[in-house]
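*Asks:* Below, each chain spelled out in residue letters.
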Amino acid sequence: MNVADKLLVMVAALLIFAVIIGLVLFVVALLEKRGARSVGWFFVGPTVLLLVVGLAYPAVRTVVRSLYNAAGTAFIGISNYTTIFTSGDMLVVLRNTVLWVVIAPFVATAVGLLYALVVDGARGEAAAKSLIFLPMAISFVGAGIIWKFMYEYKYFDPTLANNPRQIGLLNQVLVWLGLPPQQFLLNQPWNNMFLIMVMIWIQAGFAMTILSAAIKAIPLETTEAARLDGVNAVQLFRFITVPSIRPTLVVVLTTIAIGCLKVFDIVRTMTGGLYGTSVVANEFYTQSFTAGNQGLGAALAVILFVLVIPIIVYNIRQLRRAEAR
Amino acid sequence: MTVIGQPLDISGVQPAPGAGGSGGSGGSPRREPVAAAARRRLSRPWATLTAIVLAALWTLPTFGLLVTSFRDSQAINTSGWWTALTGPFTLDNYRQVLDTSNTQSLAPFVVNSLVITVPSVVLPVFLATLAAYAFAWMRFRGRDILFVAVFALQVVPIQVTLIPLLQLFVGLKVAGSFWAVWLAHTAFGLPLAVFLLHNFMREIPGDIIEAARVDGAGHVTIFFRLMLPMLKPALAAFGIYQFLWVWNDLLVALTFAGSSNSVAPMTVALYNMTGTRGSQWYLLSAGAFVSILVPMVVFLSLQKYFVRGLLAGSIKG
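Protein chains in written order, with my numbering: chain P, 1 to 325; chain Y, 326 to 642.
Please keep in mind that the hints were generated in silico from the structure rather than gathered at the bench. Each residue gets a CB set at the ideal place from its N, CA and C atoms; glycine is no exception. There may be inaccurate statements among the hints.
Each pair of labels, with its calculated beta carbon distance range [unchecked claim]:
1. G45/P - M555/Y: 44 to 54 Å
2. L15/P - R420/Y: 30 to 40 Å
3. T601/Y - A291/P: 56 to 66 Å
4. P164/P - L385/Y: 47 to 57 Å
5. G467/Y - F237/P: 16 to 26 Å
6. T73/P - V378/Y: 52 to 62 Å
7. L382/Y - N2/P: 24 to 34 Å
8. G230/P - L382/Y: 43 to 53 Å
9. G72/P - T601/Y: 29 to 39 Å
10. D157/P - R369/Y: 42 to 52 Å
11. M555/Y - N187/P: 38 to 48 Å
12. T83/P - M555/Y: 48 to 58 Å
Computed footprint of chain Y on chain P, listed as stretches where at least three residues anywhere in the stretch have a Cβ under 8 Å from a Cβ of chain Y [to be verified]:
13. 5–19
14. 106–116
15. 128–142
16. 156–162
17. 183–191
18. 292–306
If we strip away everything but chain P, and leave its shape as in the complex, we get (with noise of 0.2 Å):
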């Protein structure tokens, strides 16, 4: 297909799309004029239709799937769970997505929060939180891209005397400190470290753009009357600002917590989750792809979707409880 096929199609789509709304919308108002009370359905109809097809059934499909062998024929009941949590190498997924998840969160929330509070009030705060907020528009492969490069190792024998310069930053700077470069992105288990730190990189414009709202939203009455009760800086960061911006905290750790849990794009780029880098939903995707286990590739989904489950309850729960308040 040429470009202008391609357009064309793009075209088509966008004119078959318009002219279904547009006979629907149509129905509806024949209907209202008639006098019909109740026309929600043909508005929320086709988001429904969506829904269904593209995620509640193949949803459940999938858990049904976890029960079956790698092609689908037998059943097999939990053994696939059983598998992943007694398997060597399903364990360190495991570990590796538990290390996700507990490390990029607080990381991050921790620098944009730091920033926030840095440039709050400063020169030139917009300008400097742009900065900090451009990985945002990058997608993960950009990144993941971008920190290879980072990483980048070239040959090193501490015997020889000229040995290839590095064009790794990172390796550059060890060779400055007068440390062996090293390679990040296979040394285990360290290598995971490198990886969570595009994450974070990511997600840190995120949180500071997020809590820096939070920051500003504290009543000004409120710092002031602390102010003239003679409380210092750090003291007022741990008595007011903390407490006050408690909720968004949690929404932000949360939601960043969330995407670690999905975290693909990263691992699949830079190290194609090998080197015992692999996470749950890089793992799924190694099964159902290219292994063609597609029975535990569907455990994997379903444990992905259980994880979620409790951190989005226990976000709601924290809101809920501030709203009462």
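Got chain P sorted already, so can you dock chain Y onto it with the hints?
*Replies:* Frame of chain P, contents of chain Y only:
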């Protein structure tokens, strides 16, 4: 205060670039938060230093690859980008990745990204606005249960749906076509879109709709004449959100578009490049920046709306 469900007024938080704040001339007396004032007296130098260090750390990785993308392919592999900040620079790498006569050209993938993204944003935004309107302002049987169900579907990770959906598309003979990608992105985007737009819609005073109803306006008229114009900021907010999500997506594209250059987007092309040409940084760096450019422009020009959307819907990752 809450972040979810109650769009905050953040007009003062992130002015669009050029709208002030970045210049530093600061002619107007700025309301200075007391917290900041207190901190300034105590620890301004440290705060400034921290800000500069963090900003530098956060900018360097992107900057390094940007410099690299303008360097000669030989030079990239023999010396660090920090040694070449003053040049020599070349556009050869960009010529290579954009030249359509070149077999490794990324140009077809750029077109694909565009063709994938436009309907994948327009469809869910419009469908969700219709649904959100009905959930917010119409009475019909099963409305509340249905709304809770849509809300709950936000928790479903797309991984859970991929394989059965792919089988469905194979059955319909649309797997590996734009249609599959559009439908998948539309379905996946809907729960959050309905939820967000519903919240925005509830902010509109009910009197306005009641008055229009009394005047004999039907729901279709109210939707087009009243709702759409009033919802422009919300539509923009979710539109940008969905745009960035679709343009930057890898998983949905890998699953439903395959990797041929007839349908696959930039992200898939770049991902394949990291596998097959992992050390060819002259191609990877230029390719990465070609893919980053579009979202970056959209993002910088519409930052205000994006931040608003973020603040209103930060429940979803």
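*Asks:* Is the distance from the Cβ of M555/Y to the Cβ of N187/P consistent with 38 to 48 Å?
*Replies:* Violated - the Cβ-Cβ distance for M555/Y and N187/P, about 56 Å, lies outside 38 to 48 Å.
*Asks:* CB of G72/P to CB of T601/Y, is that within 29 to 39 Å?
*Replies:* holds, 31 Å
*Asks:* Range first: 30 to 40 Å. Now tell me if the beta carbons of L15/P and R420/Y are that far apart.
*Replies:* Holds, since L15/P and R420/Y (Cβ atoms, about 36 Å apart) stay within the stated range.
*Asks:* Between the region 183–191 of chain P and chain Y, are there enough contacts, at least three residues with CB-CB distance under 8 Å, for the coverage claim to hold?
*Replies:* violated (count 0)
*Asks:* Please check whether T601/Y and A291/P have a Cβ separation lying inside 56 to 66 Å.
*Replies:* violated, 20 Å
*Asks:* State, for the Cβ atoms of P164/P and L385/Y, whether the hinted interval 47 to 57 Å holds or is violated.
*Replies:* For L385/Y against P164/P, whose Cβ atoms are near 22 Å apart, the range 47 to 57 Å is violated.
*Asks:* Between the beta carbons of T73/P and V378/Y, is the distance compatible with 52 to 62 Å?
*Replies:* Holds, since T73/P and V378/Y (Cβ atoms, about 58 Å apart) stay within the stated range.
*Asks:* Taking 43 to 53 Å as the hint, is the beta-carbon distance of G230/P and L382/Y inside that range?
*Replies:* violated, 35 Å
*Asks:* Taking the beta carbons of D157/P and R369/Y, is their distance inside 42 to 52 Å?
*Replies:* holds, 48 Å
*Asks:* Please test the hint of 48 to 58 Å on the beta carbon pair from T83/P and M555/Y.
*Replies:* holds, 53 Å
*Asks:* Check, residue by residue, whether the region 292–306 of chain P contains three or more positions whose beta-carbon lies closer than 8 Å to a beta-carbon of chain Y, and give the verdict.
*Replies:* holds (count 8)
*Asks:* Cut-off 8 Å, C-beta pairs, minimum 3 residues; does the coverage of the region 156–162 of chain P by chain Y stand?
*Replies:* violated (count 0)
Consistency with the previously given hints fails for numbers 1, 3, 4, 5, 7, 8, 11, 16, 17, ordered from lowest to highest.
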